[in-house]
Structures are given as structure tokens and as C-alpha cells.
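Just so you know, the protein sequences line up as chains R and L, in that order. Note that this note's numbering gives residue 16 to position 16 of the first sequence, counting from 1, and the numbers run on in steps of one. Plus 115 on top of the position in the second sequence (first one is 1) and you've got this note's numbering.
The set of hints was computed from the structure by calculation and includes no laboratory data. Since no wrong hints were added, every one of them can be taken at face value.
DSS-like cross-link-like pairs, simulated, lysine-lysine; straight-line CA separation at most 25 Å: (1) 78(R) with 213(L); (2) 57(R) with 78(R); (3) 213(L) with 57(R); (4) 11(R) with 78(R); (5) 213(L) with 171(L); (6) 174(L) with 223(L).
Covered by chain L, per the in silico footprint, the following chain R stretches (three or more residues, Cβ under 8 Å): (7) 32 to 46; (8) 102 to 115.
Glycine included, every Cβ here is placed at the ideal spot set by N, Cα and C.
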Amino acid sequence: GAGVSQSPRYKVAKRGQDVALRCDPISGHVSLFWYQQALGQGPEFLTYFQNEAQLDKSGLPSDRFFAERPEGSVSTLKIQRTQQEDSAVYLCASSPRTGVVQPQHFGDGTRLSIL
Amino acid sequence: TQLLEQSPQFLSIQEGENLTVYCNSSSVFSSLQWYRQEPGEGPVLLVTVVTGGEVKKLKRLTFQFGDARKDSSLHITAAQPGDTGLYLCAPTTSGTYKYIFGTGTRLKVLA
Numbered sequence: 001g002a003g004v005s006q007s008p009r010y011k012v013a014k015r016g017q018d019v020a021l022r023c024d025p026i027s028g029h030v031s032l033f034w035y036q037q038a039l040g041q042g043p044e045f046l047t048y049f050q051n052e053a054q055l056d057k058s059g060l061p062s063d064r065f066f067a068e069r070p071e072g073s074v075s076t077l078k079i080q081r082t083q084q085e086d087s088a089v090y091l092c093a094s095s096p097r098t099g100v101v102q103p104q105h106f107g108d109g110t111r112l113s114i115l
Numbered sequence: 116t117q118l119l120e121q122s123p124q125f126l127s128i129q130e131g132e133n134l135t136v137y138c139n140s141s142s143v144f145s146s147l148q149w150y151r152q153e154p155g156e157g158p159v160l161l162v163t164v165v166t167g168g169e170v171k172k173l174k175r176l177t178f179q180f181g182d183a184r185k186d187s188s189l190h191i192t193a194a195q196p197g198d199t200g201l202y203l204c205a206p207t208t209s210g211t212y213k214y215i216f217g218t219g220t221r222l223k224v225l226a
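Same shape as in the complex, but just chain L (with noise of 0.2 Å):
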């Protein structure tokens, strides 16, 4: 069974600060999606990263896959108040449909 962990479970900033969110794994990934789900709505997809030791960048937000594709990141500079929210991550692997989501990273940005 693959565990998943997705760390830190909350986390409260100041506007204006940085952080970082991990989402580790024992196991090899085909690929990874990452999340942001607001209380009462589904999650929406930020971003999917294929390749191992890949970065993608979204505005203020910074997503890394690990070489060994067994981990990724996710970095946002200068956090907003509108960037609260549960941060998700959800792995495949190949020759399966499902994702697996993590338990989250529940954030929030005071102003």
C-alpha cells in the first residue's frame, strides 16, 4: 500500500510570508497533481508535474518533483490572504486510474 504524508498538517502565516508544503512518499510516481479545495467546493488543479527533478512555477507558486520522483513541493513567496485553503496532493502511478490524495495541508493567511 503506498503512504502518502503531506506536511505540515495546518499552518498559519502572516501575509507577506513564504512557506513550503512536502508531500512524501515510499513509493515511485508516473506523475503528480497538486490541489487547492476551499471549505463547501471541490478541489481545482493548480498544476501537474510528469518528470522527475521537474519545477513548475505559477505566479507566486513554485512546484518541484523530486528526481526520484518519489516527493514533491510546493513553495508560495509573499502569501496572500486568498491563497487560504487545503493544499492536496495526488499521486498515479502507472497502469492505474486512481489518485491517491494526501490528507492535506490546511493553510491559512492572516492579513
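Here chain R stands alone, though its shape is the one from the complex (with noise of 0.2 Å):
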């Protein structure tokens, strides 16, 4: 379909080793978001890209999690020396224009679980 895709899925890695996790927004779209969503809670938010632009990485945790859309399309979040709070499902989303009344198309997320 034309919707957002997130790859893997789902990501078991152990304490320690560095993931990388991947989304494809809907061709065209400016805006893109990344949140960490935690069980039992509503999506956090990491990170923020205006084409290839990082605008916002306030919601970043700690210096391990670096975020980077190099050709203003694809996304990639990298996690280095996980740890198990770094738990937890990540979103990206997609808007099609800048301004902050824009729907959000999100994808279905990446489970990521720590060991």
C-alpha cells in the first residue's frame, strides 16, 4: 500500500548491541516524526524532520539514540548500547506539509525488546 512501512517489525536484541530501525514515510511528505511508545502508554515523542532538516530532537532520552533522514525521504533511528528501558514499541509518522494542524499517518511501529 502507500501507507508508512516500518521495518523490522519486531527487534529482540541484547543488552548492549546497537539496532537500527528504518521508515519509509508516504512518498512526498515533509513532515516526519518519531515516537517511543511504552506498554500501556501513549506515544512519546523522540524526534521531528522537515525534509532532510532534524528541527526537533528534544525528545531524545540520552546521547545513544541519533536519528538521521539524509535525503529528506527515508528515516532511520539508531539505538547504540541498548539498555532494557529502551523497550518499547517506536512510531514514526508522516504529515504531507509543515504546520502543526496536519493529520499524522503513522506506521505500525517497531517492537523493539531488550534482553
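Now that you have both chains on their own, put them together as the hints suggest.
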């Protein structure tokens, strides 16, 4: 389909390993968001891209978290030296334009489990 | 820091009943979105409200934005099992790209 695609759907890693999560937004969408959703909670904002520019990374929990969108389309969220508290669902969303009153189209997320 | 509260946290009702869920904050919002999320899936946008006092209807769902733009409600008439899910409100404030999601109301409609 033409929706937001995230891969992998499930990722299991040992504590201390690095992981990379991929997001393919809807083609042509300018805005891209990453969220972290813990079990039983709502999504928490991590970072925002407008095209290739990362305009807000205030939600990234530590310097172990890094996100990029080098060509303004596909985005990758990387977590280095993973810890158990990083276990969560990571959601990506894209919007067609900038501005806050825009619909966010979410992917189905990557469920990350750190052992 | 904006404090956002959704209530109730959990709701289990019989098919055909009516219900209302709430989203409240200490801050004034510039707009607010409601989403529904089903297990294993991402949230899906239901509605965006922008104007204080605004009421929007989507079939059996009625959304209201408070006059002071600090709160919102979602009313479902004659609930159906297909309405089961996590209902999330996500307000925004002017000058920011961020959507702050509430913890949600988990609704279960029993057949």
C-alpha cells in the first residue's frame, strides 16, 4: 500500500548491542516524526524532521539515540549500547506539509525488546 | 510542562451503550487531534479540532473542543465492538511541532 512502512516489525537485541530502525514515509511527505510508546502508555515524541533537516530532537532520551533522514525521505532511528529501558514500540509518522494542524499518518511500529 | 490527563483510563461497556471520554489540560491548546489505536497498529487520526467550542461529528462519534481550548471530549453513541481500542488525544500549542499524546482511554465494547 501507500502508507508509512516501518521495518523490522519486531527486533530482539541483547543489552549493549546497537540497533537501527527504518521508516519509509508516504512519498512526498515533508514532515516526519519518531515516537516511543511504552506498554500501556501513549506515544512520546522523540524527534521531528522537515525534509532532511532535524528541527527538533528534544525528546531523544540520551545521546545513545540518533536519527537521520539524509535525503528527506527514508529515516533511520539508531540506538547505541541498548539498555532494557529502551524496550518499547517505536512509531514513525509522516505529514504532507509543515504546520501543526496536519494529519499524522502512522506506521505500525517496530516492537523492540532488549534482553 | 503541560499536564495532560485522559479519563477514564479503562472502560468496558456493552454493545449499544453510550460513553464519553475526556482529555484535560492545564494549558491552552492551539489545536487538538483524536486518534484511535488498535493492538499492533499505529494510531489512526479520527478528527482535528481547532476552534474553541467547536463540535464535530463523525458518524456515531461526537467531538467537542472546550470553549477555553484546555479540554476536549469524545462521545460515542450506541457503541459497537468495532469501537474497541485505545483512544488518544494529542494537543498542540502554537510555535511547536510537537504533538503531546495523552496516556489514552482503553475502551472495550462487549458484544
